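Visitor: For the sequence shown, position 24 matches number 24 in the UniProt record's numbering, and the numbering has no gaps at all.
These are calculated hints, taken from the structure and not from any lab test. None of the values given here were measured: they were computed from a predicted structure. Each residue gets a CB set at the ideal place from its N, CA and C atoms; glycine is no exception. Heads up, some of the hints might be wrong.
Said to hold, decoys possible - Think about it this way: if two alpha-carbon atoms lie no more than 27 Å apart in a straight line, the pair counts; the simulated DSS-like pairs of lysine-lysine are:
no., residue 1, residue 2
1, K127, K2
2, K107, K2
3, K123, K165
4, K171, K131
5, K131, K107
6, K169, K131
Unchecked claim - Derived Cβ-Cβ restraints for the label pairs, each shown as a range:
no., residue 1, residue 2, range
7, P59, A237, 39 to 47 Å
8, S57, W85, 25 to 33 Å
9, A31, G122, 47 to 55 Å
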Amino acid sequence: MKEIEQSVEIEDCTSQDYWDALYATDAATRAFHREVNGDPAATCTGWADGRRSSAFSMPMNVPAMMKKMIGLDVVPVVETQSVQWAPGRKGFTVVSEPQLNFPGANKFTTSGSLTIAQQPGGKCEIKVLIKCSAAMPWPLQSQVEAMMATEATTSINVYLDWAKKYFAKWKAEQGEQPQRPAPRAGAPGRAPSGAEVGPGGDVFYDAEEEPAGGAGAEAGAAEVVPYQPPRLEDVLAECLTAIRDSTAATAATLRAVEERLANMDDNIQMLRDKLVGRRPHARPASQQGAGAGAAGRGAAAAGSASAAAGSLGGGWGAAGGVALVALAAGAGLLACMRVRQAAAGGGK
């Protein structure tokens with residue numbers, strides 16, 4: 001469920017003034033639907049026991065996916081309103097419960113409330129709260145509720161802007177109305193036109209004839225076109241197809257990233273080979289024999305030095321051990337140099 005709340009303040013306004021201007025009669029409701037929703041045929045009943053209802057048509061300014069679910073560009077709505085006054089009539093709350101009229105409308109639930117609170121300084125705060133929810137399968141529910149919340153936010157802002165202008169116009173008209181003095185008692189008067197004065201001073205008016213045809217003719221002229229809404233299964237299949245396509249695109253992107261990582265591994269391996277260098281080529285057998293003999297002699301000398309270091313190090317202590325290890329290392333280095341000289345001599 002999504003909740004959207006907006007508020008605005010109106011200067012030079014009391015809660016009673018706002019009630020008289022926008023809720024006491026049906027004039028403001030019919031004007032709003034005529035000017036904003038484009039429905040000149042909107043109707044609104046009078047208040048009875050704190051409740052009233054209105055019927056109107058509302059355009060659906062939603063994305064194409066939602067229009068396919070609903071199947072209509074203009075939706076008929078029956079709205080029920082109830083009012084609750086605050087103590088001392090310092091404010092009131094109007095709760096609205098609209099009922100949308102299209103197949104599957106029970107899956108979309110919307111309710112709202114408008115609260116008028118009188119503020120210090122001769123102004124009123126108007127606060128509108130709308131709650132909307134959609135009974136849809138996952139993952140469509142969050143997407144549909146987000147669309148409903150966006151539409152509700154737009155509707156609230158439009159209404160608040162219109163209400164401020166309508167109240168200002170109503171306030172100006174109240175100030176322009178002249179105060180008519182009451183007629184003097186016994187003052188002669190003239191009967192209104194179209195009236196006859198009978199015996200005893202009774203006034204009789206002529207009945208006004210309704211134009212031929214009337215509202216019935218206009219209603220009959222409107223042709224009723226049967227509507228076939230799309231099946232919910234088809235809409236869900238279309239949404240799941242879009243999700244599948246998006247998943248396939250993501251998988252292709254991941255494969256491309258994997259190929260790039262493999263190329264990076266190859267480049268790193270090539271760079272590593274260049275830094276390490278190539279392995280030495282094999283020498284002829286004669287050179288290998290001479291080198292092996294020299295290496296053997298060097299190894300023997302190094303081994304003898306190491307053995308001597310091992311036998312003498314125990315008696316010399318730590319310093320003697322270090323010196324003998326250095327001596328053994330020098331012998332090994334000398335042996336290696338001899339191996340290289342032998343290899344160089346064999347090459348010549």
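Visitor: Would the hint linking K107 and K2 be met if the CA-CA limit is 27 Å?
Guide: 14 Å, holds
Visitor: Is K171 within 27 Å of K131, Cα to Cα?
Guide: 31 Å, violated
Visitor: Holds or violated: K131 and K107, Cα atoms, limit 27 Å.
Guide: Roughly 14 Å separates the two Cα atoms, so the pair holds.
Visitor: Holds or violated: K169 and K131, Cα atoms, limit 27 Å.
Guide: 30 Å, violated
Visitor: That 39 to 47 Å hint for P59 and A237 (C-beta), does it hold up?
Guide: 27 Å, violated
Visitor: Do the beta carbons of S57 and W85 sit within 25 to 33 Å of each other?
Guide: Once the Cβ atoms are compared, 31 Å apart, the range 25 to 33 Å for W85 and S57 holds.
Visitor: Between K123 and K165, is the straight-line Cα distance small enough, at 27 Å or below?
Guide: 15 Å, holds
Visitor: Range hint 47 to 55 Å: satisfied by the CB atoms of A31 and G122?
Guide: Violated, since A31 and G122 (Cβ atoms, about 25 Å apart) do not stay within the stated range.
Visitor: Can you confirm whether the C-alpha distance between K127 and K2 stays at or below 27 Å?
Guide: 17 Å, holds
Violation of the numbered hints given earlier is confined to hints 4, 6, 7, 9; the remaining hints are satisfied by the structure.
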